[in-house]
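Chemist: Each chain, letter by letter, is given below.
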Amino acid sequence: MKRTVIVVVATAAGLAGVLAFHTSPSSVSLAPVKGTDGSSSGPASPARGTASGPARTAVGPQVNFSYGVLSVSVTVRGRSLVRVGIARLSDDGTVRSQSIDQQSIPVLEHEALQAQSADIQGVSGASYTSVGFRTSLQDALHALGLH
Amino acid sequence: MGTVVTIDIYTGDGSAGPEIGAALTTARVVLQQADAVFSTWRPGSAVSRLRRGEMTLRQAPAKMAEVVRACALAREASAGWFDPWAMPGGLDPTGLVKGWAAQRALTALRVPGVVGAIVNAAGDIAAFGALGPGAPFRIGIADPFAPRRLAAVVHLEAGIATSGSYERGAHLIDPRSGRPAARVASASVTGPDLGMADALATAIAVAGAAPGLALIGPIDGYEALVIAPDGSREWTVGFPFAPMAAAKQVASACR
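Residue numbers (our numbering), protein chains in the order written: chain A, 3 to 149; chain B, 313 to 567.
Among the hints, a few may not be true.
Computed footprint of chain A on chain B, listed as stretches where at least three residues anywhere in the stretch have a Cβ under 8 Å from a Cβ of chain A [as the list claims (entries may be wrong)]:
| no. | region |
| --- | --- |
| 1 | 376-383 |
| 2 | 467-476 |
| 3 | 531-543 |
Short derived list, chain A residues pointing at chain B, Cβ under 8 Å [unchecked claim]:
| no. | residue |
| --- | --- |
| 4 | Val61 |
| 5 | Gln64 |
| 6 | Asp121 |
| 7 | Ile122 |
| 8 | Gly124 |
| 9 | Ser126 |
| 10 | Gly127 |
Far from chain B, some chain A residues (derived; all Cβ distances over 12 Å) [to be verified]:
| no. | residue |
| --- | --- |
| 11 | Arg79 |
| 12 | Ala89 |
| 13 | Gln123 |
Rather than coming from a laboratory, the hints here were simulated on the basis of the structure.
Being a predicted model, the structure only gives us computed values, none of them experimental.
Even for Gly, the Cβ is constructed at its ideal location relative to N, Cα and C.
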């Protein structure tokens, strides 16, 4: 886990940039993100830059986390991260783990879905502290050359 | 800390100039440095060395003293329900530091051209500004009982932190018994400083709804919403509820 200190990813909602990095400052990548559509209905527009190339998706390896096994999917366009989601999630079927799944796992999906809605700019209420989540995310980013 | 942080920046004209890129980089460095100093699961971090007695507070980076002061303030404000000194293994500021770091990262984003910004540290959110005049940010609170749905929506002016029984980690230890405790399904606190909001949400989750809300009431600028294990809800009078209606699209899209 030394490899990854913290991961900063863009949400899909009106964003200005993506930061995804490892411990070494030299591996920081910063790229503007293109919005999911060309128009903005809000009084202020989400910041937009240019992004090029087709969307590419990678799925991180299945990793164990405290309550089961998960893998993370990442979609990028150019060097811009456009979506982070859970590709696969299995657990041991206990009430506790179901609670974790239901409340923690959907949050990034929520954030991805914010792209389709001008109504919500964030969701409060769950913690992504899973080392497994970060491991899978980082490997997926690495597979796409974004790291 | 080890978490996922997302940053959204809203500009008046939708452009992202180099100064915004530089601000993002600064915010990233703030988060990275906070993680390096305060991560309790990194054996080499300052907080880990402090916990093992290998370093004194005076020897630690200056931000350690700043966080320790914030922890002391939060312990006092929460009547001891938030107590980083009562954690197993010694001082553990985890319950406050994620919000504290997000709040510091947000400060870096106050640059010309930015009308609003949101730093979301895995559900603990620091924000300033708005979408535009008369259009405050709308933030959903995850429904602790219904996956992928929102329990409420708030108009966010500054910070919101949510703690709940689903959380893991030492910060949901009851300082009075030394044992894990979570007496609410979800506790959300809004207020000007996300570190304090984070600590107060943790305090309510441990203390329970009635004592928790009694704590928040007198604290200027902070409001709380508690969802009890039986699904019932209580909140302080000033809690910044926003209409849910506009959020229905998100809820149904998530389902």
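Chemist: Far enough from chain B: is every CB of that chain over 12 Å from the CB of Arg79/A?
Modeler: holds (16 Å)
Chemist: Okay, the region 467-476 of chain B and chain A, do three or more residues pass the C-beta test at under 8 Å?
Modeler: This one holds; 5 residues, not fewer than the three required, reach chain A with a Cβ under 8 Å.
Chemist: Grab the minimum C-beta distance from Ser126/A to chain B and call the hint holds if it beats 8 Å, violated otherwise.
Modeler: holds (4 Å)
Chemist: With a cut-off of 8 Å, does the beta carbon of Val61/A approach a beta carbon of chain B closely enough for the hint to hold?
Modeler: violated (17 Å)
Chemist: Quick check: the region 376-383 of chain B, covered by chain A? Criterion 3+ residues, Cβ under 8 Å.
Modeler: Answer violated; 0 residues pass the 8 Å Cβ test.
Chemist: Has the region 531-543 of chain B got at least three residues whose CB is nearer than 8 Å to a CB belonging to chain A?
Modeler: violated (count 0)
Chemist: Hint Ile122/A vs chain B: min CB-CB distance below 8 Å?
Modeler: holds (5 Å)
Chemist: Classify the hint on Gly124/A as holds or violated, based on whether any CB of chain B lies nearer than 8 Å to its CB.
Modeler: Check passed: Cβ of Gly124/A comes within 5 Å of chain B, closer than 8 Å.
Chemist: Using Cβ atoms and 12 Å as the threshold, tell me whether Gln123/A really stays out of contact range of chain B.
Modeler: Violated, since 5 Å does not exceed 12 Å.
Chemist: Under 8 Å is the threshold here; is the Cβ of Asp121/A close enough to any Cβ of chain B for the hint to stand?
Modeler: With a closest approach of 4 Å, the Asp121/A hint holds.
Chemist: Answer holds if the nearest beta-carbon of chain B is closer than 8 Å to that of Gly127/A; otherwise answer violated.
Modeler: Status holds, d = 3 Å.
Chemist: Let me know if the C-beta of Gln64/A comes in closer than 8 Å to any C-beta of chain B, holds or violated.
Modeler: violated (18 Å)
In the structure shown, a violation is registered for the earlier hints numbered 1, 3, 4, 5, 13, in ascending order.
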